[in-house]
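The whole structure should be built from the sequences, with the hints applied where relevant.
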Amino acid sequence: MARNLRCRVAPVEGRLATETFSLDRLGDEIAELSAHLDAATAHLLDLIREFDTREGWNTGFRSCAAWLSWRVGLDLGAARERVRVARALGTLPLLAQALARGELSYAKVRALTRVATPETEERLLAVGRGGTADHVERIVRGWRRMDRKAEAAEDSRRHASRALHVYQGDDGMVVLRGRLAPEVGAMLVQALAAAREALHQRARTQAGGAGPADVSAETPTMAQQQADALGLLAETALHHGIDPGTPGERYQVVVHVDAPVLADPDAPGQSAFEDGTHVSAETSRRLACDASRVVMQHGSNGRVRAATSPRVCSSQKCRPSRDRRLSRLPDGSKSEV
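Each number in the working numbering comes from the position in the sequence shown (counting from 1) with 734 added on.
Do not rely on the hints blindly, as some may be mistaken.
Stated by the list, open to error - Taking CB as the label site, the calculated pair distances span:
#	residue 1	residue 2	range
1	Thr787	Ala897	57 to 63 Å
2	Glu784	Gly865	57 to 63 Å
3	Trp804	Gly824	19 to 25 Å
4	Gly906	Ala773	54 to 60 Å
5	Leu757	Leu914	57 to 63 Å
6	His777	His974	38 to 44 Å
7	Arg857	Ala886	50 to 56 Å
Simulated from the structure, these hints should not be mistaken for laboratory data.
Only a predicted model underlies this, so the values are computations on that prediction, with no experimental measurement involved.
Ideal Cβ positions, reconstructed from N, Cα and C, are used throughout, including at glycine.
In structure tokens, the structure reads:
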């Protein structure tokens, strides 16, 4: 009887050893495949950065993220994050190489690019190699808290550097050169787009009543259209008075903000214009006090579950704005403001 028991125990031990070895191999394969996926993600981000730089998305889409959402099927919030990380890695070669070699996961790199600069990249790379993704997120949150004062100082410096120089060239043409705050620049771009559209419609109307000989064969270049649009803006302001009024939805400036960022600048999340240009958390909170807002809650499938228009700020300084709207970031419980 004892001999039979020993015969039965041996195969069980063998199976346990085989199963342990099989699980180890399975774990190794998971880790190896994950590294390959991270390397593929690095290549994908390189392609996205080049595509964005060359404006391959500018075929009717508002941004590279919008094109990615349509072409690849990414959630719009995830698409913006891909574009942000791709742009950041263009100036962070150490992090880009670590991702390409599979040394750092995309989750870690995504977190690190929120705070990394060429000067701090090497130190943050060591943080990424030495901790879990959750650990890296905590470090980044602490880093952002330390950088908040620096960011506020940078915002103040940038605001102080705003300028517009207008002078006459040697040939009599008026030359403009200036620097505008990101939100002001975004409004100017939208205003020029509206003016170009108005001029285009006017030209079509005039062409409809003109003979073939009266229609100019030359199409103005984009630079010429921009100059004509600026002239129309000046003419309109002088004729109708400097009152922004209520703009059409098409030409509102859209700032995509994660709801937690409005409540706490240290919270992880995005704050950017439609084209991906970063806006500081403090600027987003100021705009939220000064803008018309729509908050949308999205389900995991990206569909809107609810839409409301709450007041984000309780300060008496808050008032409905005539020229800005903070808009959506459809990623789970994130909001469209």
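### Query
Checked against the structure, which of the hints given earlier come out wrong?
Result: hints 1, 2, 6, 7 break, sorted rising.
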